[in-house]
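A.B. asks: Listed here are the chains, written in short residue letters.
2 protein chains.
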Amino acid sequence: MSESANPHAEGILRQNFPCTFDQNAVEIVPGPWPTEKKKLRIGVVFCGRQTPGGHNVVAGLLDACTKHSPDSELFAFVGGTKALFENNSQKVENATMRFFRSQGGIDMIGRSVDQICTEEHLSKAVATCQALSLDGLALIGGTISMTHAALLSEHFAKEGLSTAVVGIPGSVDGDLKSNRIDTMFGFDTASKAYSQLIGNMCADCNSAKKYYYFCRLMGRAPSHITLECALQTHPNVVLIGEEIAAQNQTLADVVKSIADVVVARREAGKNYGVVVIPEGAINSIADIKLLLKEIDDLYAAGKTAEQIPENLTAWSSALFSSLPTLTQGEFLLERESGGSLQLSQIQTEKLLCLTVTAELDKRKEAGKYEGGFSPLAHYFGYQARSAMPSNFDATLANTLGHAAVALIAAGATGLMANGRRLAGPVAEWRVEGVPLTELMTVKTTPSGPEPVIVGADVNLNGAAMKLLTQLRDSWAVHETYRNPGPIQYAGEQANDINITLQSERETTAVRLKEVEEQCTRILELCRSGCPPRNLATACSGLQSVVSILEILAKD
Amino acid sequence: MSESANPHAEGILRQNFPCTFDQNAVEIVPGPWPTEKKKLRIGVVFCGRQTPGGHNVVAGLLDACTKHSPDSELFAFVGGTKALFENNSQKVENATMRFFRSQGGIDMIGRSVDQICTEEHLSKAVATCQALSLDGLALIGGTISMTHAALLSEHFAKEGLSTAVVGIPGSVDGDLKSNRIDTMFGFDTASKAYSQLIGNMCADCNSAKKYYYFCRLMGRAPSHITLECALQTHPNVVLIGEEIAAQNQTLADVVKSIADVVVARREAGKNYGVVVIPEGAINSIADIKLLLKEIDDLYAAGKTAEQIPENLTAWSSALFSSLPTLTQGEFLLERESGGSLQLSQIQTEKLLCLTVTAELDKRKEAGKYEGGFSPLAHYFGYQARSAMPSNFDATLANTLGHAAVALIAAGATGLMANGRRLAGPVAEWRVEGVPLTELMTVKTTPSGPEPVIVGADVNLNGAAMKLLTQLRDSWAVHETYRNPGPIQYAGEQANDINITLQSERETTAVRLKEVEEQCTRILELCRSGCPPRNLATACSGLQSVVSILEILAKD
Numbered sequence: 059m060s061e062s063a064n065p066h067a068e069g070i071l072r073q074n075f076p077c078t079f080d081q082n083a084v085e086i087v088p089g090p091w092p093t094e095k096k097k098l099r100i101g102v103v104f105c106g107r108q109t110p111g112g113h114n115v116v117a118g119l120l121d122a123c124t125k126h127s128p129d130s131e132l133f134a135f136v137g138g139t140k141a142l143f144e145n146n147s148q149k150v151e152n153a154t155m156r157f158f159r160s161q162g163g164i165d166m167i168g169r170s171v172d173q174i175c176t177e178e179h180l181s182k183a184v185a186t187c188q189a190l191s192l193d194g195l196a197l198i199g200g201t202i203s204m205t206h207a208a209l210l211s212e213h214f215a216k217e218g219l220s221t222a223v224v225g226i227p228g229s230v231d232g233d234l235k236s237n238r239i240d241t242m243f244g245f246d247t248a249s250k251a252y253s254q255l256i257g258n259m260c261a262d263c264n265s266a267k268k269y270y271y272f273c274r275l276m277g278r279a280p281s282h283i284t285l286e287c288a289l290q291t292h293p294n295v296v297l298i299g300e301e302i303a304a305q306n307q308t309l310a311d312v313v314k315s316i317a318d319v320v321v322a323r324r325e326a327g328k329n330y331g332v333v334v335i336p337e338g339a340i341n342s343i344a345d346i347k348l349l350l351k352e353i354d355d356l357y358a359a360g361k362t363a364e365q366i367p368e369n370l371t372a373w374s375s376a377l378f379s380s381l382p383t384l385t386q387g388e389f390l391l392e393r394e395s396g397g398s399l400q401l402s403q404i405q406t407e408k409l410l411c412l413t414v415t416a417e418l419d420k421r422k423e424a425g426k427y428e429g430g431f432s433p434l435a436h437y438f439g440y441q442a443r444s445a446m447p448s449n450f451d452a453t454l455a456n457t458l459g460h461a462a463v464a465l466i467a468a469g470a471t472g473l474m475a476n477g478r479r480l481a482g483p484v485a486e487w488r489v490e491g492v493p494l495t496e497l498m499t500v501k502t503t504p505s506g507p508e509p510v511i512v513g514a515d516v517n518l519n520g521a522a523m524k525l526l527t528q529l530r531d532s533w534a535v536h537e538t539y540r541n542p543g544p545i546q547y548a549g550e551q552a553n554d555i556n557i558t559l560q561s562e563r564e565t566t567a568v569r570l571k572e573v574e575e576q577c578t579r580i581l582e583l584c585r586s587g588c589p590p591r592n593l594a595t596a597c598s599g600l601q602s603v604v605s606i607l608e609i610l611a612k613d
Numbered sequence: 059m060s061e062s063a064n065p066h067a068e069g070i071l072r073q074n075f076p077c078t079f080d081q082n083a084v085e086i087v088p089g090p091w092p093t094e095k096k097k098l099r100i101g102v103v104f105c106g107r108q109t110p111g112g113h114n115v116v117a118g119l120l121d122a123c124t125k126h127s128p129d130s131e132l133f134a135f136v137g138g139t140k141a142l143f144e145n146n147s148q149k150v151e152n153a154t155m156r157f158f159r160s161q162g163g164i165d166m167i168g169r170s171v172d173q174i175c176t177e178e179h180l181s182k183a184v185a186t187c188q189a190l191s192l193d194g195l196a197l198i199g200g201t202i203s204m205t206h207a208a209l210l211s212e213h214f215a216k217e218g219l220s221t222a223v224v225g226i227p228g229s230v231d232g233d234l235k236s237n238r239i240d241t242m243f244g245f246d247t248a249s250k251a252y253s254q255l256i257g258n259m260c261a262d263c264n265s266a267k268k269y270y271y272f273c274r275l276m277g278r279a280p281s282h283i284t285l286e287c288a289l290q291t292h293p294n295v296v297l298i299g300e301e302i303a304a305q306n307q308t309l310a311d312v313v314k315s316i317a318d319v320v321v322a323r324r325e326a327g328k329n330y331g332v333v334v335i336p337e338g339a340i341n342s343i344a345d346i347k348l349l350l351k352e353i354d355d356l357y358a359a360g361k362t363a364e365q366i367p368e369n370l371t372a373w374s375s376a377l378f379s380s381l382p383t384l385t386q387g388e389f390l391l392e393r394e395s396g397g398s399l400q401l402s403q404i405q406t407e408k409l410l411c412l413t414v415t416a417e418l419d420k421r422k423e424a425g426k427y428e429g430g431f432s433p434l435a436h437y438f439g440y441q442a443r444s445a446m447p448s449n450f451d452a453t454l455a456n457t458l459g460h461a462a463v464a465l466i467a468a469g470a471t472g473l474m475a476n477g478r479r480l481a482g483p484v485a486e487w488r489v490e491g492v493p494l495t496e497l498m499t500v501k502t503t504p505s506g507p508e509p510v511i512v513g514a515d516v517n518l519n520g521a522a523m524k525l526l527t528q529l530r531d532s533w534a535v536h537e538t539y540r541n542p543g544p545i546q547y548a549g550e551q552a553n554d555i556n557i558t559l560q561s562e563r564e565t566t567a568v569r570l571k572e573v574e575e576q577c578t579r580i581l582e583l584c585r586s587g588c589p590p591r592n593l594a595t596a597c598s599g600l601q602s603v604v605s606i607l608e609i610l611a612k613d
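Protein chains in written order, with my numbering: chain H, 59 to 613; chain C, 59 to 613.
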């Protein structure tokens, strides 16, 4: 989640990344490969969680490096970073690759837990890259993996190792996005796969007209997936974690807002509906967040699960004892070494089923609600993150693989492969390498400032969120369910992009294209041989545009 | 589930269905509609559970009746049989229909619980059909609905009502199948939608390599869906309820068989896998079935949930107390009016996660198993039964709607619309009306013999099951996971039919076509004018074929 900006960030980053900090983004332009075709040796490691498109990155790397020189070799570290440290690699052959092209999961090369942190890890990575004489190492994963790519590239450069490190961003969470970065691969597929399921649930509840379906969606803290799925399917209620946090909502507030919709629908003669809940929502609820933090701290202070309830503060203790037994048990689950609870282990959908039922029972007793309430809880998790990639993700992931090879061939290190103008037609996509340090912020930790790449929260003022705000009041009672259906690979819908990308970035893609076209046109008009008057006009006009943009850039 | 044949069945059926019993199947052949275009008034009611293709049936009825005569009218009973009894109908207009064509769910016309049983229901149905002057009434649903269609058509005929009743079989369970009936609409879509999810789970577990996914599939007692999904996805373990029942397996047997696979996989260095479980499996397990029966009986005898455990027999009591608390609670859930527990309320996947864990712990203590075991339970239920229909189901459902109109136009009652040669290309499909009474068996109940249409169990000697038996040993340890991906509407895979239909009925479809072609050829060769010798040869040859077939028919 977002951190407040550290005013010394630039200095800290320059200090931590002396070799890789001061560099610009590298634009990758189409053109012939260099005539001296140096054979490339590239390593690839999948550091994140399963992401649709993972195999396409590997295919892109393989295709691009063998196109560069047929003698090039791609080595996959089979089993994630663990395999990188132990130099457990396998040459990727087309004969194997073809079985995995555009398949879901990442079973061809496997994965392990995210972990490149310690000095020992860094030295082992150096040893492996030296042993294999790698020209480049591609790290695929989410924000944590991109942070590791930055650390690794700096370390390699400091050690004088010639292995270029390139990050390739992919995650179903879709949280690596900014004005600079349109999206990461995997998000499009995952949100479409979940939307298909939610669309089916909407059709189902509208047919049976007797159940409330509470559906929790995978996707860690930010609610990007939930936002996209809501825009795709129009459920009656959608929770957005960032909104709950911004409004400082308590559990009682959230429960009340859902119960209000149930009551309003009941008054309209409807006793069914769909509620969509992001996995991370639970930790955005103000009082729950405090309670979980207290439990974390008590565990850290050596208390046992049995001792925790009696050691809570009065407020948290009251909240804890008001929770369903199921949830109490989940909140007390043993912490992983990191110290905090895995959000995926909390069945927020069940907690809300139970608490909304209790709220409605109360209203019934008070004569403010009549009729039953049959909630059913669903978790849509593992079944989407290994889905077959959509055409968009397959193309993007493959393209990023190609981009990484181009960067490695140019000897550029510390960059992340990035696609621009992705909301436009594929023919108009552009690729570049963005310095990983440029994406970093500095987090304040007990052990001092720590440079990291953090995921973006849902922008409550962004175009996608505005669209949701505009539409969702009408969904609550007058349902206009929408079922986008299964992901298509042929036919009209096959190349539809997700609504988030479309609403947030389509205008940017169009404008960027226009700017580039105008510049190209000016260059065409100002060839040598054209009258000096024309050149003078161009210079003066352009200079004023540059001045204005420079002023704006300082804001 | 299957009933042992009642030797007096034919007599009982003839007695119960004097008006509709003695009739033959009606072949519907292509040809011009009658020149005297009588305008038709048809009612349609959806009696079953949500089934992909439901809207296509309605569209087929609408298209066919307005093609028959543009003045024809189709009335939907909005809200299932309840609406039929209350004459709550709405004329189906193309303007509305077009929003629902090929959509999932059945929200355009709704549904209610299955219920046409009492004399009062029957008279109300008569009153409604009289009030609307219906020429025909189409009932869409599963085996229970087809039974009701039989009762209704007999009652209408007895009352001299001219409304023809036609059944249109659809259900995700796919259990109305026999030598006569290839399949029902809905099964193809549901099994493909679940297969997509299971395929993703297989890719996921093979990528993370740390979890066992236990997936329970909706589909009531017979295991048809699970069988099809297993053939599509190749999970490590698949339970088939009919097999468990046939082998008289106890819970301990089932747990042991799964634990054996876990141990064998562990020895092969693999600590992950996928187990697929049909919803109905729980009631096929010998000792669990007895226990559930005892609980049903104790409830029927007026005992409360608290009193039940102490009133169980010694065997059942021992089993009950060995079960996880979660399962105990589910087993004691209050019965619906029918008397027995809804299988969907039992989380068999969690029961098996817990009991297999306990079994492995025991083996670990005995030194027979090393290493961990991380099971995760999933239920794939409501998200498939309202999925958008596959091309196969959309076409079949629409075709059956057309067939029903043809039957109604011909004044035929007591028939079920049925497609033949469905495993072949659509151009070679044939449609017919099969007498509903022909599909009936006689069930022995406490209140006497009861004619019903029952669903077919998985045929353990059938082609699909044989294929499973052949393949699955190799899936247990040497996984060959297969991911069929999302249902496609365009492109190469769009018209693939499911493996069950293909393996069980493709040969039949080909042979049937050949028989029909041979007969047509003989008729062509034996026109009037052909030499008497040829006719004599044909007669003699055909007579011998007929005699042999008649002898075989008696077997």
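Some hints could be false.
Identical chains blur together in the list; that is why a pair holds if it fits in one copy or across any two.
To be verified - Computed list of lysine-lysine pairs in DSS-like fashion (alpha-carbon distance at most 27 Å, straight line): (1) LYS268 <-> LYS408; (2) LYS268 <-> LYS149; (3) LYS408 <-> LYS97; (4) LYS524 <-> LYS268.
Honestly, the hints are just simulated from the structure, not real lab data.
As the structure is a prediction and not an experimental result, all values here were calculated from the model.
A.B. asks: Hint by hint, say whether it matches the structure.
C.D. replies: Structure-based check of each hint:
no. : hint              : in the structure
1   : LYS268 <-> LYS408 : both (18 Å within a copy, 25 Å between copies)
2   : LYS268 <-> LYS149 : between (55 Å within a copy, 24 Å between copies)
3   : LYS408 <-> LYS97  : neither (56 Å within a copy, 53 Å between copies)
4   : LYS524 <-> LYS268 : neither (31 Å within a copy, 40 Å between copies)
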